Amino acid sequence: MATRFKEALNSGKFVITSEIGPPKGTNIEKMHHHIDLLKDRVVAMNVTDHQSSVMRFPSIGGCLAIKERGGEPILQMTCRDRNRLALQAELLFAYTRGVRNVLCLTGDAVPVGDHKEAKGVFDLDSLQLLRTIRLLESGKDLGGNDLDGAVEFCAGAIVTPEANPIEPQLLKFEKKIEVGAEFFQTQAIYDLDNFAKFMKFARQFSVKILAGIVLLTSARMAKYMTENVPGIFVPQNLIDELAAAPKGEALNKGIEIAGRMIAALKKDSVCDGVHVMAIGREELVPDILAAAGF
Amino acid sequence: MKSITKQKSFDEIKEQLEGLDKVYVIGCGTCATMTKTGGIEEVQCMKDRLQELGKIVTGSTVIPTACDEMTEVALKENNGAINSSSCILVMSCALGVHKVSCYIDKPVIPALDTLFIGLEDEPGNFHEVCAQCGHCVLGQTAGICPLTACHKGLLNGPCGGTNKGKCEVDITKDCAWTLIYQRLEAQGRLDMMRKYQPPKNFQATPRPRTIKIA
Ligand code: SF4
Ligand code: SF4
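In order, the protein sequences belong to chains U and Z. Using the working numbering, you'd call the opening residue of the first sequence number 1 and step up by one each time. Using the working numbering, you'd call the opening residue of the second sequence number 1001 and step up by one each time.
None of these hints come from the bench; they were simulated from the model. It should be emphasised that the depicted structure is a prediction, and the values quoted were computed from it without experimental measurement. Backbone N, C-alpha and C define an ideal beta-carbon position, used for all residues, glycine too. Mixed in with the good hints, there may be bad ones.
[Claimed, not checked] Sample of chain U residues at the chain Z side, in silico, Cβ under 10 Å:
id, residue
1, Leu127
2, Gln128
3, Pro165
4, Pro230
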């Protein structure tokens, strides 16, 4: 049975997803608040999996909270913290609890996070995880054993259209499609011309692409992202625009920019939708959508 | 093959030697000499520091190659000084420490940390090239080992963290997969990288590994 999210992807309508960052701790009130705020505004919500290698409440837990509150979750799964047994087990569990969408990620490196001495696992990579999902769907596990009850997922992956150099990433993008990725949520994009170029390449394949929209909160943050976050490039004119905003207005400017980008992507049908990431400021997503005319 | 080592902090050495007051020091004339961690000079310097600390150094030797059969002979030759010591401090890679432990009943203490098996790319600069995984993939990766040179040991191409050809964890280090891509492209063999690589067999040779050569 197709998931709500998959139906939306196939409907040809412009699909909007967003992201929920689970708490560091057991106080899940704010996460619940964000879920309630967004569950009817977006088609589905990703729950991040120890994003930036920072230990947090698990993504599967966030997904169950979304289900309980009537939303549609996308389980983010990284290969950093679990070996192939644990990854498969979690997929079985997620399926029995009605979680039907999975985003497969390699995961950030351990030393960038807050448990710098931990053992990174990376038993599988994102491609192998995608392939594993398709295998579990066929009723087998990675060891070649029969399953008593299979799974069925809408599985996706990410791609970084601004990566430098881009060629190896595009090659991996193709490989991800070959092993069964149905949709892609991209790393943050800011340069629409560059993104259009990527989309020209991506349109050769029958996969759905949701452009990653990350809220810029100030000129300083924009500059920092460009200089320090791999695969993110904020053009100078956007940094200037944020810097020129009156005092105290930079955040609103960031919301306006994000809204403007979403509207432009939709107007020209550049891609199949957007994935909005407000990174801890999920309560601002409705404002971003309003600025985009939704 | 070269064993690349680094000297432990003197505090850690001191801690390991607690309650062991008579020390016999062994260096190694091969890898540890080359990495300046356990050659004649370093052994002398270690002796001086131990004495400053109030330890009695009963003797020392630099064995030509601490990990080979000559170690047993060298230890016998120095039997007296070794017998009167309460422990042996070994300034060689872990292989030498193991070898010495085979012949001596006293505590054998490593003074070095063994980092990796590596190559010297320019004088004084060593880098790890092989993690001894037991099933070599270099044929598909243009001679660059992704298990060793990629921080995440990825087999199917670069992660999203690569930036301007550098690695996510260390911007001074080239991204292994960018290098592999470039080399395969230059060789006209990009098809190697297009091929899906299945999960690796991490038990190709289960640990501890042993092999019998007929
Ligand atoms: S693949 Fe890498 S780690 Fe494995 S044997 Fe070859 S060089 Fe060594
Ligand atoms: S940046 Fe390159 S070398 Fe570093 S972890 Fe990612 S793929 Fe591996």
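We went through each hint and held it up to the structure:
The beta carbon of Leu127 (chain U) comes within 4 Å of a beta carbon in chain Z, closer than 10 Å, and the hint placing it at the interface holds. For Gln128 (chain U), the shortest C-beta to C-beta distance to chain Z is roughly 5 Å, which falls under 10 Å, so the interface hint holds. Hint status for Pro165 (chain U): holds, given a least beta-carbon distance of 6 Å to chain Z, under 10 Å. A distance limit of 10 Å between C-beta atoms decides the matter here; for Pro230 (chain U) the minimum to chain Z is near 4 Å, and the interface restraint holds.
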